[in-house]
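Participant: Sequence:
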Amino acid sequence: MDTDTTIQCKICKNEMCLGKVPLFVSLSHDAIQTLTEEMTHRTYQKGEHLANEGDEPLGFTVIREGSAKAFRTSADGREQILYIFPKNDYFGARFLFTEEKVPYSVEALEDCKVCILSKERFKKLLAEQSTIAMQIIGAMANRMSRLETVMQSMGGRNAELRIASMLLEFKDTYGKDDSEGVVITLPLSREGLANYLGLARETLSRKMVQLEEAGLIENLGPRTVRLVDLDGLQELSVLTD
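Residue numbers 227 to 467, in the numbering used here, belong to the letters of the sequence shown in order.
Bear in mind the hints are in silico, worked out from the structure with no lab data behind them.
It cannot be assumed that every hint is accurate.
[What the hints assert, rightly or not] In silico DSS-like cross-links for lysine-lysine, where the CA-CA straight-line distance does not exceed 27 Å:
hint : residue 1 : residue 2
1    : Lys397    : Lys313
2    : Lys313    : Lys345
3    : Lys402    : Lys313
4    : Lys327    : Lys272
5    : Lys339    : Lys402
6    : Lys350    : Lys327
7    : Lys313    : Lys339
8    : Lys313    : Lys350
9    : Lys433    : Lys397
10   : Lys313    : Lys327
11   : Lys433    : Lys402
12   : Lys313    : Lys272
13   : Lys327    : Lys339
14   : Lys339    : Lys272
15   : Lys402    : Lys272
16   : Lys327    : Lys349
17   : Lys339    : Lys350
18   : Lys433    : Lys339
19   : Lys327    : Lys345
20   : Lys313    : Lys349
21   : Lys397    : Lys272
22   : Lys349    : Lys339
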């Protein structure tokens, strides 16, 4: 972290950092308050790294405000985005059970506030709260599925399929219903989206236009798109090449 902006969460406990994270909804108010007071709170500016590949894990890290991306850099300098962490998402759970270093870097996509619970305290929480332990297992399985999708994309999967899958993936997190469909404010620039999908930027732009011409989406701006035909996108996303 470039700027020393670390404070104890007990200072901001009225915000109840964990209380707004879906993972912790099964905890009582007192349990959440106790955990919140034991956490460390950090702030990062857009572009700062929350973690670097090869670092020691910070602990269980909750994105309290903002969003971040996990990525790796190849030997030739190309960036491959692995995952997007939106507000109230988290990372670091997998490192609680191993001694491995962080295998990717995490960068703030916008100004972020994060809350960090130590490895020892979080393992104790999982031992006490079986519901949370099961949710963590489910979330880790979903992330493995996402990484498998990334590998499929890198393996040459049809561009339209990749884009349709991505838009449906972002729908629940970034989408808002309106009278004509679902409007998504995309978390990445077009260049970032192309990177996320393993496509050239020109290919992404061309395919987005084709999806619009097919009546599946409506491009509203560089980072805004309306999903017009959800069934059509779903059908496209599961087609085989």
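Participant: Would you mind marking each hint as holding or not holding in the structure?
Facilitator: Going down the list of hints, with the structure as the test:
1. Lys397 <-> Lys313: holds (14 Å)
2. Lys313 <-> Lys345: The given pair, whose Cα atoms are some 21 Å apart, holds under the 27 Å limit.
3. Lys402 <-> Lys313: holds (15 Å)
4. Lys327 <-> Lys272: holds (24 Å)
5. Lys339 <-> Lys402: With a Cα-Cα distance of about 24 Å, the restraint between Lys339 and Lys402 holds, given a limit of 27 Å.
6. Lys350 <-> Lys327: It holds: about 21 Å lies between the C-alpha atoms, which stays within 27 Å.
7. Lys313 <-> Lys339: holds (9 Å)
8. Lys313 <-> Lys350: Judged against 27 Å, a Cα distance of about 25 Å means the pair holds.
9. Lys433 <-> Lys397: With Cα atoms ~18 Å apart, Lys433 and Lys397 stay inside 27 Å; holds.
10. Lys313 <-> Lys327: holds (24 Å)
11. Lys433 <-> Lys402: With a Cα-Cα distance of about 23 Å, the restraint between Lys433 and Lys402 holds, given a limit of 27 Å.
12. Lys313 <-> Lys272: Given pair Lys313, Lys272 holds - Cα atoms ~14 Å apart, limit 27 Å.
13. Lys327 <-> Lys339: holds (23 Å)
14. Lys339 <-> Lys272: Since the Cα atoms of Lys339 and Lys272 sit roughly 11 Å apart, the hinted pair holds (cutoff 27 Å).
15. Lys402 <-> Lys272: holds (24 Å)
16. Lys327 <-> Lys349: holds (18 Å)
17. Lys339 <-> Lys350: holds (24 Å)
18. Lys433 <-> Lys339: Given pair Lys433, Lys339 is violated - Cα atoms ~35 Å apart, limit 27 Å.
19. Lys327 <-> Lys345: At roughly 13 Å apart (the allowed maximum being 27 Å), Lys345 and Lys327 satisfy the hint.
20. Lys313 <-> Lys349: Given that 27 Å is the threshold and the Cα spacing comes to 23 Å, the pair holds.
21. Lys397 <-> Lys272: holds (23 Å)
22. Lys349 <-> Lys339: The given pair, whose Cα atoms are some 23 Å apart, holds under the 27 Å limit.
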